[in-house]
Amino acid sequence: MKTRAWQWFLMAFGLFNFIPLVVLALTYYPPVLNWLLSFSDGMQSVLFLRLACLGSVLLWVGLFLFRYRIDALIQHFLADMDRINREHPVGEMHFKTTVLNRWLMIFVLLFGCVVFIISLFDVYTYKKLINEDHFVEYASAVSWFFAALALTVSLNMEKRMKHFKRWMYLALIAFFIVCGGEEISWGQRLLGITPAEAVQKINKQHEINLHNIGSISIYANLFFLVTLVFFVGIPWVLNRFPQLNNYLRYYNAPVFNPFVTKIYGIGLIFWILIGIRFGTLGFWPLSLWGYYTQMDDEIFEFMSAYSFFSFAVLDLAYRLQERRALQARATTSPVT
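For the sequence shown, the numbering used here assigns the number 727 to the initial residue and increments by one for each residue that follows.
Source of the hints: derived by calculation from the structure; they are not laboratory data. Errors might be hidden in some of the hints.
Cross-link-like lysine-lysine pairs, in silico, DSS-like; alpha carbons within 30 Å at most [unchecked claim]: (1) K853 with K988; (2) K988 with K891; (3) K854 with K988.
Between beta-carbon pairs, the in silico distance windows are [as the list claims (entries may be wrong)]: (4) L1046 with V787: 46 to 56 Å; (5) C839 with F967: 35 to 45 Å; (6) R809 with L763: 49 to 59 Å.
Predicted model, so just to flag it, every value in this text is computed and none were measured. Beta carbons: idealized from backbone N, C-alpha and C, even for Gly.
Given only the sequences and the hints, what does the whole structure look like? Please build it.
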C-alpha cells in the first residue's frame, strides 16, 4: 500500500477492535450478563451491544480485505486533488461578518441564557419546555426542516459541476429531513397515528422512529460524535489543508463558514452548564442530584439542529454573495 496514513489507520483500528472483542466476550460471561440484564431494557440492549461490537469487528475485516482497492481509490483522489489545485486555483475564501451572522449568534445566546435561567429557578417550567411535543422539540424540528429548505435553494442556484453538487447536497438534505422527522416521530402525535404493536414492543418510547430502538445512549453518543466531527473536525481539516478546501470548492461542495463552529461552541457551553445544573452531562447514565438522567439531551439536540440550520443558511448567504459579485463583474465588463 502506498498511502502511509491509510496503513496507520488500519493498524490503529485493528488494535482498537480488541475492545469490542473483549466486550463481546464479556456479554456471554454470566456475572456480567446478569448485571446487564438487571437494567430496565434487559436483553434488548444486550443484543444491541453485541451487534455493535460485532459490527465494529466486521467493519475492520471488510476494510482489511479491500485495503488495496481502497488504497488505489485514495491515490486516485490525491492525484485528482493535486491536478485541480494546479489547474484551477480558486484562492482563499473570504467570509464577511454580516448582520445575519450577528443575528444567528444573538439568538443562540438569548436562547441559551433564557433556558439556563429557567433551569436554575423553575424546574417545572423547564421540564415542560423539554417534554415531548413542546417548545424545544418543535424548535429542533423546525431548525432541521428549514436547514433542508435552505440547502434546497442553494442546490438550485448554481449549476456548475451539477452532478457532484447534486449528490453532496442531496445527502445533507436527506440527513436533515430524517433528523427533523425523527425529532417529532414523523408526526405521530400531530397526525394522531397509533404505532403498530410490533413497533411499540421494540421502541422504548412507543414511537414511530428509529433512534429509540435499542439503546438510546448509543444513538445519542453517536450523534454527538457526528456533530463534533462536522463542526470541529471538518473546519480544522479544511483550515489545515487549503488544497482540500480548494478541491471541494471546484466540485461545488457546500460552503463551510467557520462562524458555524462558534455557534456550535456556544451551544456546547450551555449544554454543559445545564448538564452540571442537573447533575448529568449529556447522555450520562446517572444523575448526581436525583433528576431524570436526560434533563439536558433535548437542549443539545436543539443546539445541534440550530447549528446545522446556521450552516445551511450561511451556505446560502455565501452563494447569494457569490452570485451578486458575478453579476456585478458582468455589468462592469467592457463590451467587445
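Evaluation of the provided hints:
no. : hint                        : result
1   : K853 with K988              : holds (27 Å)
2   : K988 with K891              : holds (26 Å)
3   : K854 with K988              : holds (28 Å)
4   : L1046 with V787: 46 to 56 Å : holds (47 Å)
5   : C839 with F967: 35 to 45 Å  : holds (37 Å)
6   : R809 with L763: 49 to 59 Å  : holds (57 Å)
The structure shown violates none of the earlier numbered hints.
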